[in-house]
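Visitor: Sequence:
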Amino acid sequence: MKKINKILLLSPIFLAMSSGLTSCGSDNISERLTLKIINSEDYIFLDDENPENDMVEQFKRYVISLVDAGELDEKYRHVEVVYDTSDTNETLYSELQTGKSDYDLINVSDYMAQKMVSEGLAVPLLAEGETREDKLANYMDYASPTLRGRLDNITAPIYSEWVDDPLHPGEKVHPYARLEDYAVGYMWGTLGILFNPEYGAYSNLEVADVIEDMHYSFSALWDSTYKGSISIKNSMRDTFAAGLMKAYEDDFASLKAKLDDGTYDVETYMAEYAKVFNGENENSFDIVVNNVQASLESLKNNIFGLEVDSGKQDIVTGKIGINLAWSGDAVYSMDQAEDGNLVGENQSTLYYCVPELGSNLWFDTWVMPKNDNRSEERRELALMFLDFMSDPANASQNMDYTGYTSFIGGGDILELVRDWYDIRTDEIYEEVEVKQYNYEYYQVYAVLDAEEEEEDDFFALDYPDFMKDDHKAECDEYSLYYFIPYSYVDESTGEVVEVEEPESVEDCLDSKHSYPVYVLDENDEPTETQKTYGDLTIVDDYDPSDVLPYDVVDLSYFFNGTLDDGDPTTEDYEEDVDTIFYSAKYYARNEDGEPYTFEDDEGEHLNNSVGRQFFTQYPDEATITRCAVMKDFGENNKLVMKMWEEFKSDPLPTSSLVLFIVIIAAGVGLGAFIITNKLLVKRIRKKRLRKERK
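When the count follows our numbering, it moves up by one through the sequence shown with no breaks and lands on 737 for the last residue.
Don't read these hints as lab results, they were simulated from the structure.
Keep in mind that the hints are not guaranteed to be accurate.
[Claimed, not checked] No farther apart than 30 Å at their CA atoms in a straight line, the calculated lysine-lysine pairs in the DSS-like style are these: (1) Lys318 to Lys301; (2) Lys674 to Lys301; (3) Lys118 to Lys103; (4) Lys343 to Lys103.
Bear in mind the structure is a predicted one, so any value in this text is a computation, not a measurement.
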């Protein structure tokens, strides 16, 4: 599980106390159904000010609403939820092995879901005759089809069963099950390199040079230029992945070359990539382990140390400059590092890299553990909870709170992402609406600078019927002239004025349809400067041949299939149009706003592997294409564990220990400051720093 925190398992005494307390609300405790869930800490929406709004409490009210509507039996009215938290996949696995676990749902990473299925510790979510479309309708409607396809097709061998090997007559093999039957996605992300290009130990280097060193492969972690400034995960699988990428770099480079020159199509490339990434290219897994061990042993002298969960904070406080990181933690660190209220003068700009040669794609999933005592009612509650969590309105709350990226798409998630990252929403949905005009809702229109009279060149962010054609997404040369409200409050009379929907460009520019908006000053008062689309990007002498000062980000691979026009909650969105975002800070850019470029055998190309928060949360399709899911090691797990223990048993270099002591002493003051701001740190993800990101 990519969300690692301090363990918070309830003691038997506390459970006994809580059971007594929760029974007070019902006259007959036998009528009370209890759903039991375990998750990582801070990995679900919690309302610090009003716990009644916590996601679990919302679910309980949702169940009651179904009872009131006659869609559920009255016995579900007094449902309770026991919600516990844990620290790692391995902790949960150990508890499951004892056979004493009584949970209905647990949140684990993809490899642990595989392991549980293989060892008979998980059961299928659905009973015979049930379908996901019936029982998990929200999940099927809104989970990203691209991600769902990759998760569903992960297979797990069933160790307790044997079948005839179709490839080798007379031999037996384990049959395989697909995770489609056992797991649903919750959050997802990548493994990458989080780094500060201006870190003190190598501050003599140009930022561009550091970015270029990081962008291509995980070999950057082995570069002696950065010796003593790197921390890697004290996590067997994640560090194994980095070691494997280093050991087989030539193989991955060869695969990339075949994809680039057309020798391999995308499907073939991904299949071959997954083979190498999972060590299936060698005759024996022993060879893979030995090669990875050799690469990690050579890394040992270059790193500052291993970390479990401290790396995301250490890079903010300046203890380290480079961290092998999960994407969700990387976003957290970026937010903190640039927040002057939190770190004062120690602000820094961090970057996240998913190397061009690829990395690990991970999923955190909900799985139903085996439990012979589970009633049918509890199983039904578990399915209801999964479907409830897959509602985009609820998924957006979880994503906003945790800072991780939801497996779910749909309109609410799309709007949240647009609000965080799209330059078109800067000041539109906040200051203009709330502080200036008090609109209930409004449409945003733009016209081509030089050809306002051409109706075909008319662009709208929220499209009326007369603009249903492909040109509306092409707004490189457009300026936003008017915000047109559906309605607004006339301040002189206090009445709500309904605004007619324009039918043409001429109507849009007509005063009866238009309401001009001006840039606000530091006192939130309108200036004489009219608000234009992309204030940071569009200028009078804009030349389309220039390099765009922003990135056009196509997330159709994620959202397409979750924006069904037949669904009233998504009818305002259109695939391949609303899935296009404009961001001035997607990929890394220099101080002048220009993208970085790199040279390879094919010539110069734009950076597409190093980015900021938006890229970290939502990598483009090309990036996830060059990432693979690392399977459970299965029967080879003992080999990997032995290698890992040997790697950790050797002491770190003396230089790293000395550096550790020096930096700790130097960082006491800043550390104290961070501690005193604990609450601010905890909530930093929710603030999102919208303007800074855009």
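Visitor: Each hint needs a verdict: does it hold in this structure or not?
Guide: Right, here's what the structure says about each hint:
no.	hint	in the structure
1	Lys318 to Lys301	holds (15 Å)
2	Lys674 to Lys301	holds (24 Å)
3	Lys118 to Lys103	holds (13 Å)
4	Lys343 to Lys103	violated (50 Å)
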